[in-house]
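Student: Residue numbers (our numbering), protein chains in the order written: chain A, 218 to 521; chain B, 135 to 428.
Source of the hints: derived by calculation from the structure; they are not laboratory data. Each hint should be verified, as a subset may be incorrect.
Claimed, not checked - Just a few of them, taken from the derived set where beta-carbon distance is under 8 angstroms, the chain B residues facing chain A:
1) 164
2) 177
3) 246
4) 247
5) 249
6) 250
7) 254
8) 425
9) 427
Claimed, not checked - Distance ranges between label pairs, derived from CB positions:
10) 327/B to 504/A: 50 to 60 angstroms
11) 186/B to 395/A: 47 to 57 angstroms
12) 227/A to 152/B: 33 to 43 angstroms
13) 264/B to 239/A: 41 to 51 angstroms
14) 351/A to 186/B: 19 to 29 angstroms
15) 504/A to 152/B: 44 to 54 angstroms
16) 357/B to 233/A: 47 to 57 angstroms
Claimed, not checked - Within a straight-line C-alpha distance of at most 30 angstroms, the following computed BS3-like cross-link-like pairs (lysine-lysine) qualify:
17) 357/A to 291/B
18) 182/B to 330/B
19) 424/B to 357/A
Glycine is no exception: its CB is placed at the ideal position from the N, C-alpha and C atoms.
One-letter residues, chain by chain:
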Amino acid sequence: MTLIATESLTKTYGGRVTALADLTVSVEPGIIGLVGANGAGKSTLIKILLGLLPPTSGRVSVLGLDPTTAPAAVRARVGYMPEHDALPPDLSAAELVTHLGRISGLPRTVARERASEALRHVGLYEERYRPVGGYSTGMKQRVKLAQALVHDPDLLLLDEPTNGLDPAGRDAMLALIQRIGTEFGISVLVCSHLLGEVERICDTLVAIDGGRLLRADRIAAMTSATDVLAVEVSEGTDDLAARLAALDLPVAREGRLLLVPLADDATYDLILGAVAELDLPLHRLDQRRHRVAELFATREPSHV
Amino acid sequence: MSEPTGVIHDIGYQRYTGPRLGRRHVFGALYLHGLRTVFGLGRTAKAKIFPWLVVGIVTLVAAGITAVRSQIGEVVMTYAQFADSMSWLVIFFVAVAAPELVSRDLRSGVLPLYFSRPLPRDDYPLAKLLALVSAIWLLLGGPQLVMFLGAAFTTDKGMSGVWDELLDLLPGLLYAGLWAAVFASIGLLVASLTGKRAFAAGGIVAVFLMTTPIVGTLSILPSRTINELAFLASPSTLVGGVGTWALGDLLVPEGRGGGVPIGDFGPVYGVAAVLLVAACVALLLLRYRKVAAR
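Given only the sequences and the hints, what does the whole structure look like? Please build it.
Tutor: Take a look at the structure:
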């Protein structure tokens with residue numbers, strides 16, 4: 218089943234500002250990353266998927282339904298986490314999520330049960346009875362995620378879920394999203410302007426820029442190249458490069474780093490052996506995936 | 135083999151396969167939530183002070199009227215007059231309740247969470263409006279019920295006295311409904327324009343109070359027609375005019391004077407009140423069409 222499909226989707230505001238231009242994309246269930254710079258049209262696309270904005274032209278379908286003609290049916294099966302602050306400060310998280318669960322059509326007692334469950338899944342326990350106004354940004358983001366989850370949707374639309382979070386908070390949020398996508402069996406569309414962030418958890422990546430599709434593909438297809446090891450020594454970088462080349466390892470220089478493709482675990486031993494033999498101070502040795510960013514690196518400057 | 139009992143398991147995420155209620159229930163949930171909000175139920179103690187102060191005052195006034203009537207046997211105030219004389223209090227009640235209902239939602243940005251759910255766009259403002267209308271009606275109707283009960287238990291004409299009293303009460307409750315509809319629709323429309331509660335409250339009071347001098351000016355102009363139509367200019371006097379026309383001596387007992395001198399323009403007042411409420415509701419829905427797409 219196709220999760221989301223658009224066909225020549227175009228949205229212009231007032232006939233002048235083009236938010237989406239001839240966007241044709243189709244994605245399968247899973248965790249989908251929607252990346253693009255600010256103003257690339259991500260939020261507009263989400264609003265069209267929710268049936269809140271009518272597209273200027275083109276077709277769109279979500280979970281096999283058309284949000285322009287059956288918005289209520291789509292929204293009943295979709296959970297939405299907005300980008301901006303969206304929580305009334307004087308209500309407690311438990312009350313708010315329960316209330317919103319009822320607005321999604323859950324019976325009263327079910328709404329209360331599922332609200333505590335959803336809050337527990339996002340990691341809010343006793344705090345949920347306190348007014349939201351006193352929460353940290355990380356807790357507020359969790360409440361926003363819980364309210365999107367309370368009515369058990371088949372698809373979550375998350376608009377910049379890591380906004381305003383510190384590095385630890387970002388990691389926790391991303392881990393949570395990954396868990397929702399894999400363990401809970403709910404498809405997730407994660408919007409972000411940070412490619413490095415979403416590429417860690419997505420299985421499909423859709424990149425848009427200026428309302429146009431840059432690329433949409435399974436992430437496995439994008440990062441099919443093997444992993445590389447990054448080696449940094451405090452001195453004697455050239456000597457080490459020569460030594461590794463002599464060991465038939467295809468070494469590449471990147472600033473102070475030496476990049477060596479990782480064939481198997483033996484590669485580690487070869488590098489460590491070479492460093493020990495030359496008696497060089499090893500600064501670091503770590504594994505690096507090919508960044509998806511490299512795939513866009515050549516295209517992005519053309520739009521600046 | 136069954137699992138041993140007494141062990142706490144992390145049961146993980148549970149999919150929901152139970153019923154999902156339809157539009158009517160969702161509307162009801164939103165309406166009830168609004169009604170509770172107006173009276174500060176389920177909120178902080180601070181939010182309860184003002185609404186219950188107003189409720190206390192109107193109930194006290196009604197109890198006082200009932201007590202005086204039972205002692206000296208004279209009708210101090212008819213049911214409809216009671217609604218009229220409480221209008222100032224109702225204005226302040228609306229000025230606090232309407233921003234509480236809609237402005238705070240605008241400000242906190244919670245609306246996208248409503249409109250991304252299967253809630254039809256117009257249901258949100260309509261549920262809020264209905265909640266405010268009900269709240270004002272309860273505010274004016276409750277004390278009327280107190281007055282009725284007082285009169286019914288002290289009547290010396292038996293069941294026919296109770297029946298007469300009931301026939302007086304029902305138009306009074308209808309009149310309270312008119313007050314509620316007019317004040318709620320104007321108040322909610324004004325409050326929906328801003329997310330700042332203080333501005334919204336000020337705006338509502340201004341709409342009701344600033345229009346009164348216009349009525350005053352028009353009613354002393356040297357033209358009888360203008361004088362008699364002057365009361366259209368302010369919502370409170372407009373409602374008074376409709377009451378004078380529709381209720382007649384129920385609002386103003388014979389020989390007591392008062393009321394609103396509207397001459398033969400009664401139907402005009404009736405039509406104007408209906409148009410005013412309809413226009414406010416239409417503008418409110420229009421306003422939320424714009425808000426929902428944001």
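Student: If a hint holds in the structure, say so; if it does not, say that too.
Tutor: Here is what the structure says about each hint:
1. 164: This hint holds: residue 164/B lies near chain A, its Cβ roughly 6 angstroms from the closest one there, short of 8 angstroms.
2. 177: holds (7 angstroms)
3. 246: With a minimum Cβ separation of about 5 angstroms from chain A (threshold 8 angstroms), the hint on residue 246/B holds.
4. 247: Interface hint status for residue 247/B: holds (6 angstroms vs cutoff 8 angstroms).
5. 249: holds (6 angstroms)
6. 250: Holds, because the Cβ-Cβ distance from residue 250/B to chain A comes to roughly 4 angstroms (cut-off 8 angstroms).
7. 254: holds (7 angstroms)
8. 425: violated (11 angstroms)
9. 427: holds (6 angstroms)
10. 327/B to 504/A: 50 to 60 angstroms: About 57 angstroms separates the Cβ atoms of residue 327/B and residue 504/A, which means 50 to 60 angstroms holds.
11. 186/B to 395/A: 47 to 57 angstroms: holds (49 angstroms)
12. 227/A to 152/B: 33 to 43 angstroms: holds (40 angstroms)
13. 264/B to 239/A: 41 to 51 angstroms: Given range 41 to 51 angstroms: holds, Cβ gap about 44 angstroms.
14. 351/A to 186/B: 19 to 29 angstroms: holds (26 angstroms)
15. 504/A to 152/B: 44 to 54 angstroms: Check passed, 46 angstroms falls within 44 to 54 angstroms.
16. 357/B to 233/A: 47 to 57 angstroms: Given a distance of about 52 angstroms, which is inside 47 to 57 angstroms, the answer is holds.
17. 357/A to 291/B: Judged against 30 angstroms, a Cα distance of about 64 angstroms means the pair is violated.
18. 182/B to 330/B: Answer holds: residue 182/B to residue 330/B is near 19 angstroms, not above 30 angstroms.
19. 424/B to 357/A: Given pair residue 424/B, residue 357/A holds - Cα atoms ~26 angstroms apart, limit 30 angstroms.
Checked against the numbered hints above, the structure breaks hints 8 and 17 and satisfies the rest.
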